[in-house]
Amino acid sequence: MSNALHPETLTVRGVTKRFAVGDDEVEALAPVDLTIPQGEFVCLIGASGCGKSTLLRIIAGFEEPSTGEALIDGKTITGPGSDRGMVFQDYALFPWMTVRENISFGPRQRQLLRGEIEKITDEFVRMVGLTPFADRYPSQLSGGMKQRVAIARVLANNANILLMDEPFGALDALTREQLQHELLQIWTRTGVTTIFVTHSVEEAVLLADRVLVMSAGPGRIDSDFRIELTRPRDVSSPEFNALRRAIARRLTSHIAPSKA
Amino acid sequence: MNDHATVTAEGAQPSAPVAAITSRRRNRQRLETLRAIVLGAGFPILLILIWDRAVAMTGTRLIPSPYQVAVMMYDFSFGGIYDDAFSGTILIHVWKSVQRVYGGFFLAALVGIPLGLLIGRIKLLRQLLDPTISLLRPIPVTAWLPLSMIFFGLGPNAAIFLVFLGAFYPILLNTIFGVRSIDPRLFEAASMLGCAGTRMFRQIVLPASLPAIFNGLRVAHGFAWILIVVGEMTGVPTGLGSVVMDGRTLSRTDLVITGMIVIGACGFVTDRIIVAISNRLLSWSPQHLE
Ligand SMILES: Nc1ncnc2c1ncn2[C@@H]1O[C@H](COP(=O)(O)OP(=O)(O)OP(=O)(O)O)[C@@H](O)[C@H]1O
Ligand SMILES: [Mg+2]
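The listed protein sequences correspond, in order, to chains G and Y. Start counting the first sequence at 1; every next residue gets the next number (the working numbering). Start counting the second sequence at 261; every next residue gets the next number (the working numbering).
Just so you know, not all the hints are guaranteed correct.
Selected chain G positions facing chain Y (Cβ under 8 Å, derived; list incomplete) [to be verified]:
id	residue
1	A60
2	P80
3	S82
4	R84
5	G85
6	F105
7	R110
8	A134
9	F225
Everything labelled a hint here was simulated from the structure, so no lab data went into it. The C-beta atom is built at its ideal place from N, Cα and C for all residues, glycine as well.
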């Protein structure tokens, strides 16, 4: 899926975002600059309301930046596109479609041959381990299964960039751990660039190549941690915990004064 | 979840305890169905008994007894008792009314659903049409009777028009409501997966609002059968509504009540059909199943 000749770099250049709220304006993002090379796994972490979702939605093309621009390979993002796929916290599956139909939705839009659509669908249903549940509707699935469908739906569409907004936030600890593991496997196999929003420092250090800490008022990127630990990572190792503490310290240093 | 059921039902040797549990569950279901039938049918039977007693005790001659209505019903269905203009004519009248009810109903669905989808989705259209709709909607369908007779003359078309009017607003309004309450994330999800334009209507807007559309269809369908009596007051010679009106003119209350019962039965049976269709189409929706 990754294209070695054209590494699709994601660039965010001077992006700001203001929302009109009644007669007022909320400044959600101060100028944000960011470069993410193809294949990197980036975690975004920051206090609630600091603009993580907003940044993700701008990259997805659901929101327009007030100033600045987001680019993929030098081309400005002007709207949603199948090169980028968002995995929502509340899944946003199509409730009237089965698992299989949800996953084949993207390929069907591209009007591929039927055999090809089936092949792709089978592959991704299997990749997320849902073959026995392929003909169920979303309302008949557990939260973890739904999130797997959401991930497969985006990957089946050949997305190069996976945008995940607190995807595992609503899941229990055990399911969450399992999905983290599966996500890493999928990421390793497909080389898809991943931007993953989380509130858990541990999750960020466990998953990411790079952790971006955002601070609020208005939202900007405060610090950029590179995680060089080899995978699979040992949550109890001293290096892991040193990083976790360092990031947590950065995070709380912003929360405390701004709420005073 | 069906997998388990079929495996135990068709598998080589379902183990004894599993079979016992399945059969116990089936028995409980059967009992539940039986209870529903007894309760559902018991109440009308009770009403008929009260009716019978009340007629007998008051000795009124204005209201026929259930037995007299039953005789009339038999004659209306098969003939051979009174041998008048109504004997054995039930199918003709039902067929005429069905044509008018469904003529108006399908016309209303044909206009109401696409218009509702468009109004729900396109702001400009909403601004253009919403005030007009709100203005026309409170006008009772019966108030259109004189105008519809001018437009369509005496005859079935006026009846179809009235049924159309009565069925149109519930379908339109429920469709608009259905579209307006679609989770906006579904549109985002669809557009990021490469869906746009008219395909969005067919693949997202229509199926997502289908539960609300079916609610509208069901309400409208009820109205359509209600309005058939009004519609067939416009001087058509056949149809269940005209049977009721003729019964009134001839002071034959047994005929009036017979007509009422047939209308009720038609409405009931066809409503069950609509529910069955919607349960089938909306099996994905956990709230919808009855
Ligand atoms: N559609 C909107 N209209 C008005 N204000 C908005 C809108 N979306 C976001 N905001 C504001 O922008 C700011 C950033 O919101 P955003 O949702 O990006 O935060 P977040 O970092 O994702 O928070 P959380 O961790 O709680 O999800 C907040 O102050 C929020 O109130
Ligand atoms: Mg958010």
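Next item on the list: Starting from the hint list further up, note which numbers the structure goes against and sort them upward.
Entry: As far as the earlier hints go, 8 and 9 are violated by this structure, in ascending order.
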